[in-house]
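Q: As a plain string of letters, each chain reads:
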Amino acid sequence: MKKLQVHIDRRPLPLLFFLEYKNAFIFVAIASLFLWVLSLETPTGLSLEGWKGIAIFILCSLLWMTQALPLAITGLLAIVLIPSLQVLPTKASYALFGNDAVFFILGAFIIGVAVKSSGLSRRLTYYCFKSFGTTIKRLVITVFFIAAFLSFWMPEHVVAAMLYPIVLGVAEILKLPRSYSKAGKALFLALAWGCIIGGIATFLGGARNPLAISLLDEFAGEQFGFAEWLQASFPLVTILLLVTIPFLLTLLKNETIDCRSALLELDKQIKQVGILSFREVAVAIIVVLTIVSWIVFSKPLGLVNITLLSASALFIFGLLKWDEAQEGINWGLLLMYGGAISLGSAIEQTGAAEWMITRFVLDLSLTPFLTLAVISFLAIFITEGISNAAVVAFLLPIGFPLAKHLGIDPKIMTLIVALPSGLGFMLPSGTPPNAISFSSGYLKVRDMARPGLILNFLSWLFLLATAYFYWPLIGMKV
Amino acid sequence: MDSRYWPPFQTEPHSDHVWIKKDLSVATVVSEVVDRYDFKAIKFLGFYVEGGAEIQTCLLDVIRQLKKRLKALFILFEKELPVTTIMDEYYASGVDGLCLLWQEGSLFVKTLDYGVKLWPRGHVFVFFPPEIHVDKKTLCETMERGALPLQDPLYEENAIIILQNLKTTKIPLKFIKQLGGLGLPLEEGMMDFLLQSPIGRKVFIDLSDLRRKLMVKSVADSFDSAGL
Chain C
9 MKKLQVHIDR
19 RPLPLLFFLE
29 YKNAFIFVAI
39 ASLFLWVLSL
49 ETPTGLSLEG
59 WKGIAIFILC
69 SLLWMTQALP
79 LAITGLLAIV
89 LIPSLQVLPT
99 KASYALFGND
109 AVFFILGAFI
119 IGVAVKSSGL
129 SRRLTYYCFK
139 SFGTTIKRLV
149 ITVFFIAAFL
159 SFWMPEHVVA
169 AMLYPIVLGV
179 AEILKLPRSY
189 SKAGKALFLA
199 LAWGCIIGGI
209 ATFLGGARNP
219 LAISLLDEFA
229 GEQFGFAEWL
239 QASFPLVTIL
249 LLVTIPFLLT
259 LLKNETIDCR
269 SALLELDKQI
279 KQVGILSFRE
289 VAVAIIVVLT
299 IVSWIVFSKP
309 LGLVNITLLS
319 ASALFIFGLL
329 KWDEAQEGIN
339 WGLLLMYGGA
349 ISLGSAIEQT
359 GAAEWMITRF
369 VLDLSLTPFL
379 TLAVISFLAI
389 FITEGISNAA
399 VVAFLLPIGF
409 PLAKHLGIDP
419 KIMTLIVALP
429 SGLGFMLPSG
439 TPPNAISFSS
449 GYLKVRDMAR
459 PGLILNFLSW
469 LFLLATAYFY
479 WPLIGMKV
Chain F
19 MDSRYWPPFQ
29 TEPHSDHVWI
39 KKDLSVATVV
49 SEVVDRYDFK
59 AIKFLGFYVE
69 GGAEIQTCLL
79 DVIRQLKKRL
89 KALFILFEKE
99 LPVTTIMDEY
109 YASGVDGLCL
119 LWQEGSLFVK
129 TLDYGVKLWP
139 RGHVFVFFPP
149 EIHVDKKTLC
159 ETMERGALPL
169 QDPLYEENAI
179 IILQNLKTTK
189 IPLKFIKQLG
199 GLGLPLEEGM
209 MDFLLQSPIG
219 RKVFIDLSDL
229 RRKLMVKSVA
239 DSFDSAGL
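The listed protein sequences correspond, in order, to chains C and F. Taking my numbering, I'd label the letters of the first sequence as residues 9 to 486. Taking my numbering, I'd label the letters of the second sequence as residues 19 to 246.
A couple of the hints might just be wrong.
To be verified - Restricting the straight-line Cα-Cα distance to at most 30 Å, the calculated cross-link-like pairs of lysine-lysine (DSSO-like) are:
| # | chain 1 | residue 1 | chain 2 | residue 2 |
| --- | --- | --- | --- | --- |
| 1 | F | Lys-185 | F | Lys-85 |
| 2 | F | Lys-192 | F | Lys-155 |
| 3 | F | Lys-235 | C | Lys-452 |
| 4 | F | Lys-188 | F | Lys-135 |
| 5 | F | Lys-154 | C | Lys-30 |
| 6 | F | Lys-192 | C | Lys-30 |
| 7 | F | Lys-86 | F | Lys-185 |
| 8 | C | Lys-30 | F | Lys-97 |
| 9 | F | Lys-85 | C | Lys-30 |
| 10 | F | Lys-135 | F | Lys-195 |
| 11 | F | Lys-195 | C | Lys-30 |
| 12 | C | Lys-145 | C | Lys-329 |
| 13 | C | Lys-276 | C | Lys-329 |
| 14 | F | Lys-235 | C | Lys-30 |
| 15 | C | Lys-452 | C | Lys-190 |
| 16 | F | Lys-154 | F | Lys-192 |
| 17 | C | Lys-145 | C | Lys-30 |
| 18 | C | Lys-183 | C | Lys-452 |
| 19 | F | Lys-89 | F | Lys-135 |
| 20 | C | Lys-452 | F | Lys-155 |
| 21 | F | Lys-97 | F | Lys-85 |
| 22 | F | Lys-220 | C | Lys-30 |
| 23 | F | Lys-235 | F | Lys-97 |
| 24 | F | Lys-135 | F | Lys-231 |
| 25 | F | Lys-231 | C | Lys-30 |
| 26 | F | Lys-231 | F | Lys-85 |
| 27 | C | Lys-452 | C | Lys-99 |
| 28 | F | Lys-185 | F | Lys-154 |
| 29 | F | Lys-195 | F | Lys-185 |
| 30 | C | Lys-99 | C | Lys-145 |
Stated by the list, open to error - Partial chain C-side listing against chain F, Cβ under 8 Å, derived:
| # | residue |
| --- | --- |
| 31 | Val-14 |
| 32 | Ile-16 |
| 33 | Leu-21 |
| 34 | Leu-24 |
| 35 | Phe-25 |
| 36 | Glu-49 |
| 37 | Thr-143 |
| 38 | Glu-335 |
Quick caveat, the hints were computed from the structure, so don't treat them as lab data. Since the structure is predicted, the reported quantities are computational estimates derived from the model, not experimental observations. From the three backbone atoms N, C-alpha and C, an ideal C-beta is built for every residue, glycine too.
Given the sequences, and given the hints that come with them, work out the whole structure.
A: Printed below as a string of structure tokens:
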């Protein structure tokens, strides 16, 4: 007889009804709040357009935070509401959707898909596991560094999704019991945390980074180069990589597991992958050329142009099929970003952001550094509950006018929001890699939450230390 | 037991019993049922199973497929006592009501209690075969547990006991009214017009489906598998 697969939830029906339709309830509540805000009298010192812009900002921020609507649909809603409520003209609102960050993210997705579908990343992973993973400790550390390294160049959720079946396969070969194996927990925490830390190193690790850069361009007219970002993030990434290792090794205390069976299986996998193909070599060359171009030619050519040229080259040389790209691109995220950029510009152009800062923040008389500490603290903990990109979309439109008032370099504001918004170590909902690792069944919430909370605090402290001591050395003053 | 009396619900142009037997495939049963009825008019389908565990799997598949295609109430007649996990599966697959054949013993009571908690109140029945003498105590206990006793033919003294207990146990009759033609003196004058109307029936079925949707979770998204 087939395996039984149902579970009857016996909690009270009204509670089940609420849980089933909670998004609808939340949406109605948020929409009511939006209509109420719109019905209020426009405050003095703010234009009617600005007030409507704030109402849309509240609506969309709450919808992004609660995910009562899919992120992409909220993004579209923002683009529709801005001209509909006459905050900006229709053409101006939709034109903002064509921001170069959206196309940069599109290009980055295509390159990521090519690396994955060519088999290059899988081959690299197998060889690293085979070369370094001779003991369980070395295996965990290898997973951690591979995840981090690949997340420098590919979106972290793509890396996590790609490595997940490999790590799961290794755990199963080693016969690690799902309910209590500390080695299993260490392997999947290494996967999640490696991706998280690697994801803040460059633009490519998470699409929130290009969004932050694009908002910087919109608000302050400044550009962030690839090398400049890497230079700013690298010390923090290095410290976090080193600090996290003891957390993983503590789990492996007194764990003695024979890894020979896993190594034998990896041997088989490597044989199946075969010899290095032309496609893998060609993709590797294009990726290397792209990175070099980002570093050397980003100013004259522009990051987005280099990225799209590289993406086009992948198709021109037949290294990627459109069907593969179409499947790998997160189209919803692109729509969400378009909406976030339009919204950010709307509240900036109407003077709404300026008004909010003057009205609510400046009265607190915080020093610039304390302001950065508060904003980064908010970013690192809000991101545990909501989408990383939503944190950027919510905090930066307020952060830039604040930076202007307090004389903070807008690039610092960009980093102080974008970097911590990717550092959600605590909860499965914190980042996509956490959720992917959690789905393995080896982790319980407390396995992630306890060390994750400490890592969140440490990341915040190291970020502030980097901002205070290191960033001034590379020309970014607080 | 005389097979004339089982299953206890009378058939009529808009209802029937589906007999699931060992030699029938899921596709055959589904296509036979689908070909036989006017989807808009059919009121209820009674499922009667002959066989063991293999047939239960077949039955679940038949119910799942028919539930997608028919806007009707499904009632299952169980001659043998089902285990609790199978009852979960029955409910999840789309069985709206359960009719158990009365037996003596604690296992029957345990099964009945489980069924009464799983299905909405008024959706679980106990059929007393006519050849056995049912005393007042058994009828009252059955109703106190939340199940409605059925007998065909229904003796007058038992009908009086059932009607008296309906007031105290507050077992709703909405489901049984939907089925019509029963061995209870409920047909005449007690039929709620709204519930008998096509719209009333549709609303009733939709609410029954909503309850199922809320309560049934696949193991993949249950708390256990999430490690919470």
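Q: Run every hint past the structure and note whether it holds.
A: Tested hints:
1. Lys-185/F to Lys-85/F: This hinted pair is violated, its Cα atoms lying about 33 Å apart.
2. Lys-192/F to Lys-155/F: Roughly 25 Å separates the two Cα atoms, so the pair holds.
3. Lys-235/F to Lys-452/C: Given that 30 Å is the threshold and the Cα spacing comes to 20 Å, the pair holds.
4. Lys-188/F to Lys-135/F: The hint holds at about 15 Å.
5. Lys-154/F to Lys-30/C: violated (47 Å)
6. Lys-192/F to Lys-30/C: Within the cut-off at roughly 29 Å; holds.
7. Lys-86/F to Lys-185/F: Cα-Cα ~36 Å, so violated.
8. Lys-30/C to Lys-97/F: Not OK: Lys-30/C and Lys-97/F at ~41 Å, beyond 30 Å, violated.
9. Lys-85/F to Lys-30/C: The given pair, whose Cα atoms are some 27 Å apart, holds under the 30 Å limit.
10. Lys-135/F to Lys-195/F: Holds, because 21 Å separates the two Cα atoms, which is no more than 30 Å.
11. Lys-195/F to Lys-30/C: The given pair, whose Cα atoms are some 33 Å apart, is violated under the 30 Å limit.
12. Lys-145/C to Lys-329/C: Between Lys-145/C and Lys-329/C the Cα gap is close to 39 Å, so the pair fails against 30 Å, i.e. violated.
13. Lys-276/C to Lys-329/C: holds (28 Å)
14. Lys-235/F to Lys-30/C: holds (16 Å)
15. Lys-452/C to Lys-190/C: holds (11 Å)
16. Lys-154/F to Lys-192/F: holds (24 Å)
17. Lys-145/C to Lys-30/C: Judged against 30 Å, a Cα distance of about 44 Å means the pair is violated.
18. Lys-183/C to Lys-452/C: Cα-Cα ~18 Å, so holds.
19. Lys-89/F to Lys-135/F: holds (24 Å)
20. Lys-452/C to Lys-155/F: It is violated: about 51 Å lies between the C-alpha atoms, which goes past 30 Å.
21. Lys-97/F to Lys-85/F: Satisfied, since the Cα-Cα distance of roughly 22 Å is no more than 30 Å.
22. Lys-220/F to Lys-30/C: holds (25 Å)
23. Lys-235/F to Lys-97/F: holds (27 Å)
24. Lys-135/F to Lys-231/F: With Cα atoms ~16 Å apart, Lys-135/F and Lys-231/F stay inside 30 Å; holds.
25. Lys-231/F to Lys-30/C: Holds, at roughly 15 Å.
26. Lys-231/F to Lys-85/F: Roughly 13 Å separates the two Cα atoms, so the pair holds.
27. Lys-452/C to Lys-99/C: Given that 30 Å is the threshold and the Cα spacing comes to 49 Å, the pair is violated.
28. Lys-185/F to Lys-154/F: holds (16 Å)
29. Lys-195/F to Lys-185/F: Roughly 16 Å between the alpha carbons, so the hint for Lys-195/F and Lys-185/F holds.
30. Lys-99/C to Lys-145/C: violated (57 Å)
31. Val-14: Holds: closest Cβ of chain F sits about 4 Å from Val-14/C, inside 8 Å.
32. Ile-16: Hint holds; Ile-16/C Cβ to chain F Cβ min 5 Å, cut 8 Å.
33. Leu-21: holds (6 Å)
34. Leu-24: holds (4 Å)
35. Phe-25: Given a least distance of 6 Å, the restraint on Phe-25/C holds.
36. Glu-49: violated (43 Å)
37. Thr-143: At 27 Å from the nearest chain F Cβ, Thr-143/C fails the 8 Å test, so the hint is violated.
38. Glu-335: The hint is violated - Glu-335/C has no Cβ within 8 Å of chain F, the shortest such distance being about 23 Å.
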